[in-house]
Every structure is written in C-alpha cells, then in structure tokens.
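First to last, the sequence lines map onto chains E and V.
First residue of the first sequence: 1, per this note's numbering; consecutive thereafter.
First residue of the second sequence: 1, per this note's numbering; consecutive thereafter.
Honestly, I wouldn't trust all of these hints.
[As the list claims (entries may be wrong)] With a straight-line Cα cutoff of 25 Å, these simulated DMTMM-like cross-link-like pairs (lysine to aspartate or glutamate) come out:
{"id": "1", "chain 1": "E", "residue 1": "LYS180", "chain 2": "E", "residue 2": "GLU158"}
{"id": "2", "chain 1": "E", "residue 1": "LYS582", "chain 2": "V", "residue 2": "ASP334"}
{"id": "3", "chain 1": "V", "residue 1": "LYS58", "chain 2": "E", "residue 2": "GLU424"}
{"id": "4", "chain 1": "E", "residue 1": "LYS180", "chain 2": "V", "residue 2": "ASP334"}
Hints were generated in silico from the structure; no laboratory data involved.
Number of protein chains: 2
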Amino acid sequence: MTTYVPPIKDLSFVINDVLQVGKYANLPGFADASEETIEAILEEGGKLAANVLHPLNKVGDREGCVRHDDGSVTTPTGFKDAYKQFSDGGWQGLSFDTEYGGQGLPYVLSVAFNEMVSAANMAFGMYPGLAMGAANALHAHGTPEQKQTYLPKMVTGEWTGTMNLTEPHCGTDLGMLRTKAVPQGDGSYKISGQKIWISAGEHDLADNIVHLVLARIEGAPEGVKGISLFVVPKYLVNEDGSLGERNSLQCGGLEEKMGIHGNATCVMNYDEATGWLVGEEHKGLKAMFVMMNEARLGVAIQGVAISDVAYQNAAAYANDRLQGRSLTGPKAPDKPADPIIVHPDVRRMLLEQRATIEGGRAWMLWAALQADLHAKSEDEATRQTADDILGLMTPALKAYLTDKGFAHASSALQVLGGSGYTEEWGMEQFVRDARIAMIYEGANGIQALDLVGRKLPRDGGRAIQAFFAEIDAFIADNQGNDELKPYIDGLAAAKADVVDGTQWLMQNAFANPDNAGAASTDYLNLFSLLCLAHGWAQLARTAIEKRDGEDDKAYFENKLITGRIFLERILPDAKAHLAKLKSGAEPIMAMDAEAFMAG
Amino acid sequence: MTTYVPPIKDLSFVINDVLQVGKYANLPGFADASEETIEAILEEGGKLAANVLHPLNKVGDREGCVRHDDGSVTTPTGFKDAYKQFSDGGWQGLSFDTEYGGQGLPYVLSVAFNEMVSAANMAFGMYPGLAMGAANALHAHGTPEQKQTYLPKMVTGEWTGTMNLTEPHCGTDLGMLRTKAVPQGDGSYKISGQKIWISAGEHDLADNIVHLVLARIEGAPEGVKGISLFVVPKYLVNEDGSLGERNSLQCGGLEEKMGIHGNATCVMNYDEATGWLVGEEHKGLKAMFVMMNEARLGVAIQGVAISDVAYQNAAAYANDRLQGRSLTGPKAPDKPADPIIVHPDVRRMLLEQRATIEGGRAWMLWAALQADLHAKSEDEATRQTADDILGLMTPALKAYLTDKGFAHASSALQVLGGSGYTEEWGMEQFVRDARIAMIYEGANGIQALDLVGRKLPRDGGRAIQAFFAEIDAFIADNQGNDELKPYIDGLAAAKADVVDGTQWLMQNAFANPDNAGAASTDYLNLFSLLCLAHGWAQLARTAIEKRDGEDDKAYFENKLITGRIFLERILPDAKAHLAKLKSGAEPIMAMDAEAFMAG
C-alpha cells in the first residue's frame, strides 16, 4: 500500500551543490565520483530500494523471521532474492577499501544510499548494514590474515557480520559482561557465553556469518579493562578460503518485538565456539567502538529515512483525501470536499516533518563528509578537525534524528487519521520500526551522556571550538546576503544559546556531575538545533544561488519555504531547551528512589 | 509481566483535598459522596481494575477479537467474565441518573474510576465507556419511551451501546455522510448504509447492543443540516422489554490495528435495519455532540491512564535494573552496579512523565467537577460558567493529554531500553494502545480547530474570560504565600502568554482564517500548559497546607518536587509555542499542494 520515491534530487543537491564534493577530486576515490557518477549511482540505488526492497517491507513485517528447531532462521519471503540482487549489484562494497574488492567511493555516497535502503525497508537494511560495521572493525583492528580471510567475502556480500555486545544482565554497562574466552595455545580461543539482541545473528541470506564478540579472557581484569574482541565465524574458514566446520554457536531464540520483524533479533549461544582475538588483549571495547560509531551513524540515517518514507505517504494521502473545506473558501469546488492538504494544520504537520528531514539530511551528509576527510585528506590538521567534528556530531545525529524520526513517523500517521492506525495502510509499521532506533547502538540518553561527558570536554573542547569556528566563518562569509539574513540570524542566535548552555555545563558539572546528567538530553537537543540551523543555512545559501540560474526554480523556492518552517516552527525550541538544562540536577535528584514507585 | 497499582491516594487527594468535593454536599448526589465513601469506592474500583482487568490486558492484545462467518464477534479470553464482574458490581451506573437505576454519584468520581479502568485495560474499558456515552445521548435527547426502553438495561450493563458516525468517505467531514433513513409511517425508519471504525460494534459481552447511528432521512437537505440521529438496536425490544427479532445489521469485518486489539473495531453494515429517530429531524449532529463531548473526556483520561501505568512499570524497572554507577559515586556498592534510577536522565524521563500525569489528573478532575456543577448546581450563573469552562477545556484535555499520553508511554518504554521494545515486557503495548487516543473522537488537529475556531470566540470569549477570572482570583488569594510563589509566578507568566496568543489570534484570524488554522495546535499546547500550571498551583497549595499537619509528610514533599519538575522542565515550552503560533499562516500556505509530493 505504501510507496517510496527515492529522494535522488535532494541527495544530489546536498552532495554535489551544497557540499560540493567535486572540490575534493584530489582525494582517493573522489576523482571517481563526478557529479554524473554520483547521480547515476543514486539513480540505480534508488531503483533497487524502491522496486526491490520496498515491496518487501510489509511482507517482512507480517511474516517476520522464523527460527527452526535446529537453530536455523528463515527470513521473510523475498528477502533472500532481494539480498542476492543487493550483493550482485556490488552495493555492499560501495565505499569500502579497494584492496579488498570495494569500490572505494566516498563514504558520503554510501550514507545517501543507506538512507534509501533504510527508508525502503529498514529491517532488510540492517543485514548488510551490520555486516559493513563488522567489516570496518576488522579492517581497522584485524591482522592482515584476518582481513584477507574475511573482508573480500564480506565486501561481496557473500558473508555477513554481526556485533555481539549485550548479555542479559548487561547492555549499557559492558563492564559486567561474563562471556569468557579460553586460550587454546594455538592462537585460537574457546568462547562461551550468551549474547542477546543480536541483530542479523542468524539468517539464510549469506553463506557465512562473521560474529564479532566481546568476551573476557580467563584471568582478565574485571570491568571494561578486561574485555577483548574476537572474531567467531559461524563456519570456520579453511586455509584455501572455503568453508569448513560449523562452529559451536547457535541462535537460541528470536525476540518478539514491536517492529523490524523482518530482521532476526537473536539470542546467540556460544558453547566453546572457536574464535580469534581481534586487536589487542583487553582492548576490545576500543576496537568495538569503531564499529559502534559507524553503526550509530547508520542508525541516525534510519531516523531521516523512516521519517521521509512516512512523510511521502502522508503527503500523498493529504493530496488525495477529500474532507472538509478550506477555511478561506472551497479550493476544489467541483469535488464534494477539498483535499485535506488545504488545511493549515495538516500542512504544518507535513512541513515540520519535511524541515527536519531535509535539514537532517544536510547535517548527516555534511558529517559523513567529515568521515571522508578524516580518512582521506592529506592535511593533518584537516584530518584532525574532521575527526573531532565527526566524534562530536555522532551522538547528536544518532539521538536527535532517531527521536524525531519516531515522532515524525507518528505525525505522518496522524495525517491519515483512523486509516493511519490500521495495518492496511502501512503507516503504523513505520512508527513501530522507527521506535527501535532510539534504543539500539546505545539508547539516546547514553548518546546525550556521551556528548556532554565525553565528546564536549575532550581535548579541552577542541571539537566544539572547531565547529563554532566553522559557524563563525560561515556567518562572516555571508554578511550582506539579505535573503539569507534570517538563516544567519537564526544560526547566530542558536550558537549563542549553545555557548550559554556549554558555559553553564562547564561551571556546574564540575561542582556536581549530576548537573551534566540532568542537562544532557536538553543540551543534546539544543546542540542539534544548532547543527540543523547550520545545515539549513548551507541549504538556503545554495538554493538562493542556484534558484535564478536554473530551470527548476520551484524546487529552490520550495526549499526556502521549508527552511522558513525550520526557522519559525522548529528553531524556537532552542530557548526552551536552554531554560530546562539550566534548571539543574537538584529537583531531579531530590526524590528518594523508592518514592518513584507506585502505591 | 506488567503490574498496575491504582493511584487511590492521589485520586482521593485531588477529589477530597484539592477540589474539596465535600463543599458541594448540598447538590444532588454529592451528599452521598463523603470522603470515606469516595475512598471506599476508589478502593473497590481499584481492586477491580488491578486484579480483574489488568491481568487481561496482554491477553486482549495477543488474542484480539475474532469475527465469525455469521458476523458474530468473540472477545478475548476472560473479557466476558470480567465484564460480568464489572456489571454486577454496579460500576456502569456509578454517576448515572437514579431514575434509571444509576447511583447518581458525582461525575468526577466516574472519571476517577474510568482512569483506573483505562490504565488497567484500555481496550476493555472502551466497551462500557462507549455504552455510557450512548446512554447519555439517549438520556439527553431520547423520548421518555426510548429512555425507559433502553436506559435501565444499559445502566446495569446488560446492554451496551455504540456511536456510528464515520463512513468510508467521511470521518471528520460528516456533511458528506450517505447512510439513509426511510420513514415507514409507523414512527420507525429503515436504515441502510455502511459505517466504519465502530468501536465495540459487535461482541459477546452483552445481550443487546444499542447503536446510535447518524443517517440522512430521504429528501433531507445536503450537508450537516440534513443529518439525523437514530437508535438502532441489535435486537428489537418487545413491549414487555424482552428481546425480540434480530435487526438487519451486521458486523462486516474487523479492522486490524496497531493496538487496542482487545476492542472490536467494526465495519457495520445496516441493511434496512429498523431504527427510531432520537431528538429532532436533521438535528442529529447536535444530539451526537452530547455523546462526543462525553467521549472526548473519556479519551482524555485514557491519555493520563496509559501514561500512568507505563510510568509505574518504568519506575519499577528503574529501581530494579542494575547498570552502571552513579556519576557521584556508587549508591549500591554491595551490588555489581547501581539501579538505573540513580542516573539523572532516567529520573528526568520518569519525572517529566509524572509531572504531566499528576498535573493532568488534577486538570481533568477539576474539569469533571465543572460537569457536575453544570448539571447539578442550583445557581444559574454557576451552571453557565461551569458549562462554558468545560466546553473550553474539552478539546484541550482531549488533545494535550493524549499527545502526552503517547509521548510519555514511549518515554516509559525508553527507560527499559531493549526490553521495552520486546512484547514480553508489555511496555510496547502501552505505546501502541495509547496511539489511537490521538485520533478517535476527533483527531487532535480537529480538537485544536474546535478550540480556536469555536470554543474560544463563542459568546464573545466568555469562557476564557471566566477561566482567566478564576486564575486571577487564585493568584490574588495566594499572594504572600512564599513557598507557593514559583507556582503563582509560573501561572501568571503562562496566563500572560495565553493572553498574548489570544490577542494575536483575534487580530490575525479575522484577516485570514488560515492564521487560526496554522496557529491552532501551538495555541492548544500553550493553553494546555496554562491549564496544567493552574492544576499544579492548586495541587501545590494544598500540599503545602497539608504537609505539616499530616503523618505522611513525604507524600506532600514528593508532590512539591514533582511540581518543580513541571515548572522547570515542562512549562518553559510555553514561550516556544507562543513564538511558533505567531509565525502565522504565510509560510505554511506558501507551497503548492503538489509540491508536497515526493519526486
């Protein structure tokens, strides 16, 4: 019932016109990414998403995954064929290292492609998405042999991968994990323990599944300093690269969830499974964080993606559904009623969604470009600044965009009224699917703590100072642009609020760390509004520049209308977040823990 | 897995101490409602909710309702027994007219009871809830014979009732409805047409179902001025009150929905079914509005109810789940980690939920008391003011409390992290169930239009002026109460913002009605924050008064802590809503309708 139209034009506008990726043709991979190539890749990727993956979205929700008595898992009808098309198309290796068979294209292009995949079928997209996360962790921390063994097959999509962190008694607090690793003297370990919430832990899409597992080597220190990372494949790999013995690990059950039914969320039991250390002993958490940060960006884009597909279907409904008359007189007098798009409150809902989608997309792709600059720039200072900024942005992108992804999928459902609440129309699936993104890869409250407790103060605040400098430069560059002035004013005001909030944190968190915790979510929201203001200022500048020279004037005019919605309907929340964060920890911490309980 | 603890103490505090219902002992029914009686009724009602209805909540979600080939519908296991206990206990007639077998107790007490029922099992509560709405409409508009025929059986719960408005092509815009009524010359009509979204339209709980159906009498004017209301029972009723012939109406199908699976949402087909006019010809909409307004208050309390049961379970989890350490050093050093309630951001989520629940409950019960004063006061001016205020409050209560009910059920789910997303823990059901309340009985955007377009300007703004006068009197009465000062200041500031927003509306809606539409939702939210500020000021005043004289000092201290959370963490949104509503219709209406579509 739902449809998905890939936002090719918008993705291309951001990548080619706003970020001007063409400027970086001197960097590896970027020379191959001409404007035409980027558009062609987006077109092809969009076709896969819209024509192959989206029709399976509801099928996946209805059927879910099935675990059989032998621990094997069957994915929903059509997923296997679709995955084959995905792999055969070379999509998995789009921006992966060419040494292992990837295409080495910019990461920013992968993110754009991932948005379309997640919008079309979020549950499906998690299979290749997690595999790529695992491949990146192996690429960063594996031995040359490990890389040669696993990466080429993961890049083709023949094998997938997973990350195994959570155990029943520990999720956020990994220091408590119990899965153990016993060295066998031959370089291998026997891994035993239970992991839960393992997305794509078992399925029928690929020949092998490469599990990355956090475990504690016998005798290791307690807490997070005794955790190591292991690669534990479902099938052991022979010297010649062929598949060998089945490893002693199994899916012990599937979670019944609110949504993403098409993805297998597994309990994984490791029973003296054979694994090999990845990276250094006891430094597993650090290695896993490579995967985590990548995964967090992948989740952030899910927020934009689900919101966009929900928006599209709501907008189509609003143009089609006849109900009531415009407050200013009939707009479709020949019909029994006007389409509901004439009603300002329906438009408000749609435009608030759209302003966050388009601003969020610009923010996300700009951040993704930082990852490219960090990985590929020849200039040390550029690399460092890019890495600083990406680190700072990651928790905010993840939390803000997934919070809004859920809220706005719900707002899109609302446009359909009662129909939105039925399974038939498909809107409620978007809401259920979107909800998980606020939780996995670190619940959004953890992202907020990561931002205020780690990313902000690190290196004396170097990252946020670099971001402020970029904003200041943008403002200085665009003085005198009258049409851009509201964006510049909004950006400057939001920056002043973030400066104010940051100073409050510096002054108060030291005295009482609970002040940082109590302020964290409101700080994250305030900070994210500044990032969106920055994204929108960039979009608007380019739209103004291009509007008069192009045929498609309406596209740019509409961009500027949507930008005004951001300035007038979304950005005003900044002041409220600032007021709330400054209210501090005292009332939050005043009540006895037991007094929270009912009765 | 979930539990529910009826908030007896809090309900009693609001009804007996804050609203001081004892003051109204001169009014019919109130003399029977002593403090002890009220507490006893709440205790008994709470037991029914917690012990009988709540254990069936998950059963209802999992099993749903089943329609058989003959059009009959079976409710989930246990619902029938539970409904019998509900009826046998006399709960259906708690505040209904004694002339028809009701107990005639204050409506405010019914609302408190309904909160507990909805929290325990929202899908179940809709069966008796809709029946009461139908009974009230018959009571207000039926002939003496109709009342005598239907009401006594509806009051005992032997029969239930429904409201039939929506048709496939019209929901909000009832002017388009097509169901027709053909007079038979004997006072009866033949009703033919299809109605959809009929909650409790068919089920196995009661001996008869009394459908109230909107239809158009042959030859009636087009639009809303040609709609009449009919009573169309499932079984015709013989002169002696016994059940006669089966009427020709049938459930044609059940909707598959996101939630409230335990309630049968029916397509109802009327095929020359026999019905009788209720009220005057062509004035059906007016008669139905009695039912609608009652139903909207019933939906508003669902928002508070679901948020409360979700909060309770999240708070219990937060006290139990060990994960991480407090930022200020271990609080449970003998355990492997601290319970997550030590973390400020977890507390923030819980307290923001709680501040809205407790403030919303106070607001809701205060509004319910207006309904009692309107119905029962001997003073004409009191009756009128009460009716004005209740009319003004109804759309705000419905929209604001259900928006927050959903948002806060989702926030409660978040406290559980991944567990919250699984079916096993039951939190995700609360989120799915809560979602419908934003839609049915008039989508929340329609409530906002009702507020700004109808309730606010009616009688020259008499209702809001009465509300302002009440606020001014409260402020004047409590000058010099130092401890109450933050509440008084918050209330005064919120009132000033509402005055400002109202003036903006008056000045701008006349010039362009779309300004009212564009402002409506933000105005409703701003207005609702004022109502909550009013509720919290009342709660705080009473808590301060009672704190030092009572044993249970902690209860009152905690009330005041929660009140501070409202003032410092929720009320700051008022200014943002004011800024947004003043941004006006221009950017909202600027884009062509087609430009909303993707591609």
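Inset, instruction - For the pair supplied as a hint, LYS180 of chain E and GLU158 of chain E, confirm whether the alpha-carbon distance does not exceed 25 Å. - result: violated (29 Å)
Legend entry - Proposed proximity, ASP334 of chain V with LYS582 of chain E (alpha carbon, max 25 Å): violated (34 Å)
Inset, instruction - For the pair we were handed, LYS180 of chain E and ASP334 of chain V, check the Cα-Cα distance against 25 Å. - result: Satisfied, since the Cα-Cα distance of roughly 24 Å is no more than 25 Å.
Legend entry - Pairwise hint evaluation, GLU424 of chain E against LYS58 of chain V, where the allowed Cα distance is 25 Å at most: Measuring from Cα to Cα gives roughly 23 Å; hence the hint holds.
Hint compliance for this structure: hints 1 and 2 are not met, and every other hint is.
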